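Chain order of the listed sequences is A and B. Residues in the first sequence are numbered from 2 upward in steps of one, following the working numbering. Residues in the second sequence are numbered from 2 upward in steps of one, following the working numbering.
Some hints here could point you the wrong way.
[Unchecked claim] Which chain B residues stay away from chain A? Per the calculated CB distances, all over 12 Å, these:
1) 14
2) 34
3) 36
4) 42
5) 59
6) 105
7) 140
8) 143
9) 150
[Unchecked claim] Short derived list, chain A residues pointing at chain B, Cβ under 10 Å:
10) 8
11) 72
12) 76
13) 108
14) 160
15) 162
In case anyone wonders, no lab produced these hints; they're calculated from the structure. Here the structure is a predicted model, which means the values were calculated and not measured. Virtual Cβ for every residue (Gly too), placed ideally from N, Cα, C.
Number of protein chains: 2
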Amino acid sequence: MGLFTHDIKTMDDLFLHQLQDVYYAENQITKALPKMISKATAPELKRGFEVHLEETNRQIERLDEVFRLLGKDAKAVTCPAIDGIIKEANEIAGEVEDPRVLDAALAASAQAVEHYEITRYGTLIAWAKELGRTEIVPLLQATLAEEEATDRKLTELAEQRLNHAP
Amino acid sequence: MGLFTHDIKTMDDLFLHQLQDVYYAENQITKALPKMISKATAPELKRGFEVHLEETNRQIERLDEVFRLLGKDAKAVTCPAIDGIIKEANEIAGEVEDPRVLDAALAASAQAVEHYEITRYGTLIAWAKELGRTEIVPLLQATLAEEEATDRKLTELAEQRLNHAP
Chain A
2 MGLFTHDIKT MDDLFLHQLQ DVYYAENQIT KALPKMISKA TAPELKRGFE
52 VHLEETNRQI ERLDEVFRLL GKDAKAVTCP AIDGIIKEAN EIAGEVEDPR
102 VLDAALAASA QAVEHYEITR YGTLIAWAKE LGRTEIVPLL QATLAEEEAT
152 DRKLTELAEQ RLNHAP
Chain B
2 MGLFTHDIKT MDDLFLHQLQ DVYYAENQIT KALPKMISKA TAPELKRGFE
52 VHLEETNRQI ERLDEVFRLL GKDAKAVTCP AIDGIIKEAN EIAGEVEDPR
102 VLDAALAASA QAVEHYEITR YGTLIAWAKE LGRTEIVPLL QATLAEEEAT
152 DRKLTELAEQ RLNHAP
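Could you build the full structure based on these sequences and the hints that come with them?
In C-alpha cells form, the structure reads like this:
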C-alpha cells in the first residue's frame, strides 16, 4: 500500500505519493489496453494500441528504476482519476456497435489517458528538479516523450479519418 | 439527463454525448474551484484560480451556444473521468498542511483538470470538422486556447517555485 494522503507533509512525500499514483495508473492501463486492442477495428488503431501496451510495460520498468534510485519500494496508491477515465472509456466503448464510431470513441478515450499521463509526468519532472533529484529526470522525460508521441499519433489517426469522412 | 451511452449509434450521437460530458465537467469545475481558491496560499495561484473560474463560466456559455447551434437542449451527462480527477484533487489537498506543499498539490491538480479539458475539446473540434459543423468550431477553439493558456500559466508558476526552492 502506498503513502496515504494524510501522511503527506513534505515535497518529498508529495513526490512519492504522485509517483505511486502514476505507478497505479500505468498498471491499470496495461489491464485496460488488451480490451481496447480487441475492440479496435481499424488495423492502424489496433496496432497503435499494441505498440502502446509494449511501451507501457517499459514505462513501468522505468518507474521501478525511479523507486530504486529513491531507495523506496515500488508501490501503488489508488488513483481515482485514472479509474474514472478508464471507467468512462469502458462505458462508451462497451455500447457502440458501428465500427467507425467505436474506433473514434476508443481513440478519444486513449487520448484522455495520454493527457492524464502527460500532465502527471510533467509535474513529476518539475518536482524532481525542485527536489534536486536530477538523476531520475531523464527516466521521467523518456516516458513523457513517448506519451506525447502517442497522443500525436492518435491525433493523426483522427485527422486521417477526417480526410476519409463519408 | 443526457444521452445514455447505449444510445450512441452515430458520430452525431458520439459528438453530442461528448459535448454533454464536457458540459458536466465544466459545471463540476465551477463547483471545485471556489474550494481551491480558498485553500491556495500563494497570491498568484489564488488569483490564477479566480481568473479561471471567470473563464469557466464563459466556457459554459460557449457550450450553451454550441447546443443552441446544434438545435439541442443543453444537458449534462455524468463524467466519471472529471469526478475522479476532482476526487483525487480533494483527497490530496484536504490533507496537506504545509502551504508550499499544498500549493504544489493544488497547482498539479489544476493541471490534471486542464489536460482533461484540452484532450476533450481537441476531440470535439476534430469531430465537429468531421461532421461538417464548422460553425461551432471557433467556439470550441476559443475555449481550447484558454485551457492551454491556463496550463502554461500553471507550468510557469511551478517553474517560479523551482527558482525559489529553499
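Hints, one by one, checked against the model:
no., hint, in the structure
1, 14, "violated (8 Å)"
2, 34, "holds (17 Å)"
3, 36, "holds (16 Å)"
4, 42, "holds (14 Å)"
5, 59, "holds (22 Å)"
6, 105, "violated (6 Å)"
7, 140, "holds (19 Å)"
8, 143, "holds (19 Å)"
9, 150, "holds (15 Å)"
10, 8, "holds (8 Å)"
11, 72, "violated (21 Å)"
12, 76, "violated (16 Å)"
13, 108, "holds (8 Å)"
14, 160, "holds (7 Å)"
15, 162, "holds (7 Å)"
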